[in-house]
Amino acid sequence: MVGPRHRTLVVCRGLPHDTAAQAHTATAHLEDTLWVGAPDGVAVDATPAAEVARQLGSTRAAVVLDLHTGFDGDTLGRVHGLVQGGGVLVLRLPDHPLPGRSGRLLERHLDRPPPAPTSRSHPPHTPPGSAHQDLLVTNILEETAAPSPQVHVIQADRGRGKSAGVGRALGALPRTTTIAVTGPHKTAVAEVLRFARRPDLRHVDPLDLLAALETGPAPHIIVVDEAARVPVPLLRALCRAAPSSHFIFATTTHGYEGTGRGFQHRFVPWLLNEPRPVHRHTPTQPIRWADDDPLERWVFDVLALDAAPTARLADEPLRTERLDRDRLVDEPGLLHDVFGLLVAAHYRTSPADLHHLLDDPEVALHVVRSGHSVVGVGWLVADGGLDCTTIDAVSRGQRLRGHALAESFICHAGHPDAARLSMWRSVRTAVHPSRRRQGIARRLITHEHEHHGDSDLIGTLFGATPGLLSFRRSLGYRLVRVGVSRSARSGVPSVLMLRPRSPAAHRLVDHLRHDLARDLPAILGRLDGERGVPLDPALIHLLRADLPAPSKWTIASASSAMDRYLHGATPIDALAEAPAVWLSTRTDWTHGLSPLEALAIRLRVIENRPWHAIAAACGTRNVTVVHRAIRRGLRRVAAD
11 MVGPRHRTLV
21 VCRGLPHDTA
31 AQAHTATAHL
41 EDTLWVGAPD
51 GVAVDATPAA
61 EVARQLGSTR
71 AAVVLDLHTG
81 FDGDTLGRVH
91 GLVQGGGVLV
101 LRLPDHPLPG
111 RSGRLLERHL
121 DRPPPAPTSR
131 SHPPHTPPGS
141 AHQDLLVTNI
151 LEETAAPSPQ
161 VHVIQADRGR
171 GKSAGVGRAL
181 GALPRTTTIA
191 VTGPHKTAVA
201 EVLRFARRPD
211 LRHVDPLDLL
221 AALETGPAPH
231 IIVVDEAARV
241 PVPLLRALCR
251 AAPSSHFIFA
261 TTTHGYEGTG
271 RGFQHRFVPW
281 LLNEPRPVHR
291 HTPTQPIRWA
301 DDDPLERWVF
311 DVLALDAAPT
321 ARLADEPLRT
331 ERLDRDRLVD
341 EPGLLHDVFG
351 LLVAAHYRTS
361 PADLHHLLDD
371 PEVALHVVRS
381 GHSVVGVGWL
391 VADGGLDCTT
401 IDAVSRGQRL
411 RGHALAESFI
421 CHAGHPDAAR
431 LSMWRSVRTA
441 VHPSRRRQGI
451 ARRLITHEHE
461 HHGDSDLIGT
471 LFGATPGLLS
481 FRRSLGYRLV
491 RVGVSRSARS
501 GVPSVLMLRP
511 RSPAAHRLVD
521 HLRHDLARDL
531 PAILGRLDGE
541 RGVPLDPALI
551 HLLRADLPAP
561 SKWTIASASS
571 AMDRYLHGAT
581 PIDALAEAPA
591 VWLSTRTDWT
601 HGLSPLEALA
611 IRLRVIENRP
621 WHAIAAACGT
631 RNVTVVHRAI
641 RRGLRRVAAD
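Whatever position you read off the sequence shown (first residue = 1), add 10 for our numbering.
The set of hints was computed from the structure by calculation and includes no laboratory data. Quick caveat, the model's predicted, so the values are computed rather than measured.
Pairwise CB distance ranges (calculated):
#1 157 x 63: 36 to 46 Å
#2 486 x 425: 15 to 25 Å
#3 187 x 601: 51 to 61 Å
#4 322 x 632: 49 to 59 Å
Straight-line Cα separation of at most 20 Å, SDA-like style, residue types lysine to any residue; simulated pairs:
#5 196 x 541
#6 196 x 212
#7 562 x 492
#8 196 x 632
#9 562 x 616
#10 562 x 523
#11 562 x 528
#12 196 x 61
#13 196 x 622
#14 196 x 181
#15 562 x 582
#16 562 x 536
#17 562 x 587
#18 196 x 217
#19 562 x 524
#20 196 x 210
By construction, the Cβ of each residue, glycine as well, lies at the ideal position given by its N, Cα and C atoms.
Given only the sequences and the hints, what does the whole structure look like? Please build it.
Next up, the structure:
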């Protein structure tokens with residue numbers, strides 16, 4: 011039975027002006043309609059898809075999404091959550107089938123649209139709460155009143171009132187209760203603060219909170235909203251720094267922005283082994299719309315938002331193969347298995363990843379099967395093989411999607427000719443949780459090596475952990491680059507590892523490893539200076555292992571590197587100590603510089619201060635302003 015608070019889908023097909031007229035008719039009885047898409051002359055005040063994220067947290071009676079120029083899963087995931095109970099999502103589509111595998115997948119689901127509600131009256135207002143949310147509020151209030159510290163972990167799909175429930179609980183606490191509210195950014199905790207209605211509460215940056223905990227008293231309660239988007243090492247550090255505090259962690263289970271699997275698979279098990287009791291909450295009752303909402307189910311199916319590894323695996327011999335991606339569209343169960351493994355193995359998997367997996371022409375997909383079940387997935391993409399014109403354009407700042415290895419060689423490593431090499435990049439390797447540490451990943455990657463053996467090299471970029479570094483090294487990969495900043499999600503730097511095959515690739519790897527040996531002390535020093543949890547000593551040991559004897563920057567090599575920075579796309583952080591060596595040859599380098607330029611250059615190039623400290627000293631919170639001042643100032647120095 012489809013009730014009046016269930017949401018519905020309306021599909022309009024034809025030319026843009028035809029679908030716009032149909033959409034106006036479908037939403038004429040509704041007062042609050044959001045039109046999303048590029049301006050096309052027929053939709054008034056359309057919001058660009060890139061700006062829809064700013065609408066999150068609000069609700070609309072209807073959303074009209076323009077898909078004439080193509081299907082974007084991330085946007086569909088965003089806008090469906092804006093439609094309130096009883097509302098309408100309108101899709102404007104051309105009168106011909108959408109192209110690509112993603113288009114075929116959407117068209118197949120359009121043949122089975124969600125049923126319409128029994129009433130087309132104006133959508134009712136969103137109710138103030140739900141029974142599940144009320145129970146969550148009660149549990150939080152009871153447990154935070156306990157004399158011993160407790161931990162609440164709240165995981166649920168979007169629209170279940172997690173943040174609002176936490177906010178209601180905070181608002182019901184005595185005003186003498188000390189509370190800290192943190193999250194990845196200010197907007198991530200807006201719902202908590204809105205429902206708490208406490209003027210004494212505000213968002214505190216997680217790193218600022220950690221620093222305060224290390225020097226002062228801990229609050230009675232610490233709330234971390236959208237916790238899956240905070241690096242796991244930082245979450246652990248917050249817990250260690252406030253052993254007497256009650257913690258509340260809330261995060262979205264399935265969503266367009268990612269699945270939070272790092273939180274689920276790395277942080278929650280760690281938390282369960284800590285001394286504080288852990289109370290887990292999984293509210294399932296929607297608040298913005300009715301239970302069993304057909305539109306939500308339809309969107310989940312289209313975007314594979316709830317894809318998960320096969321629950322029961324066959325105990326049969328393993329076989330490895332390269333998968334024809336057309337089968338992912340033709341066999342829904344296979345798509346669910348493959349994408350479910352990728353979701354489970356990575357801290358953030360979004361609908362855009364599904365789109366790339368299906369439609370990127372350079373993707374190769376390899377699987378390991380046990381019977382009919384998929385137990386391992388390897389996702390690779392062709393990289394490199396660039397011509398001179400493209401290499402020159404990238405060196406001058408043109409972005410090149412899908413060629414991360416080649417772009418790194420051009421912009422970071424100073425080896426543009428290496429971008430001509432034929433390469434494959436391992437994007438992701440996933441193994442079923444119940445079959446890990448059984449040699450499946452090794453079998454899978456060995457199969458990839460054999461299948462793509464005619465390339466010059468195979469490479470991979472990933473967040474550095476001791477386990478992954480050791481594993482890839484055992485398969486012949488060599489570390490050639492360490493990132494100079496920490497990932498906002500994992501809290502660790504990225505690394506680039508290459509497995510060379512051709513003589514040219516072996517020479518490239520040797521050059522890059524000599525450069526890394528020279529620059530690694532400066533890189534580690536900058537990573538240590540960044541705010542955050544100190545790097546694992548075991549990781550630092552592995553980063554340093556087996557490198558050749560380091561050399562030093564010369565005036566000539568530093569000048570060549572600076573030329574790439576001053577006249578190309580190379581970031582200053584990729585140059586390690588080269589700017590300092592180059593600047594040491596200029597006796598009166600501050601001549602003609604503005605105070606901002608001179609200060610920023612001195613703090614970064616000479617004193618090697620971290621970016622957040624430089625920005626603060628320059629009187630701004632915008633690091634981009636500092637970056638521009640340094641580049642502008644160093645160009646003036648070079649011109650003198």
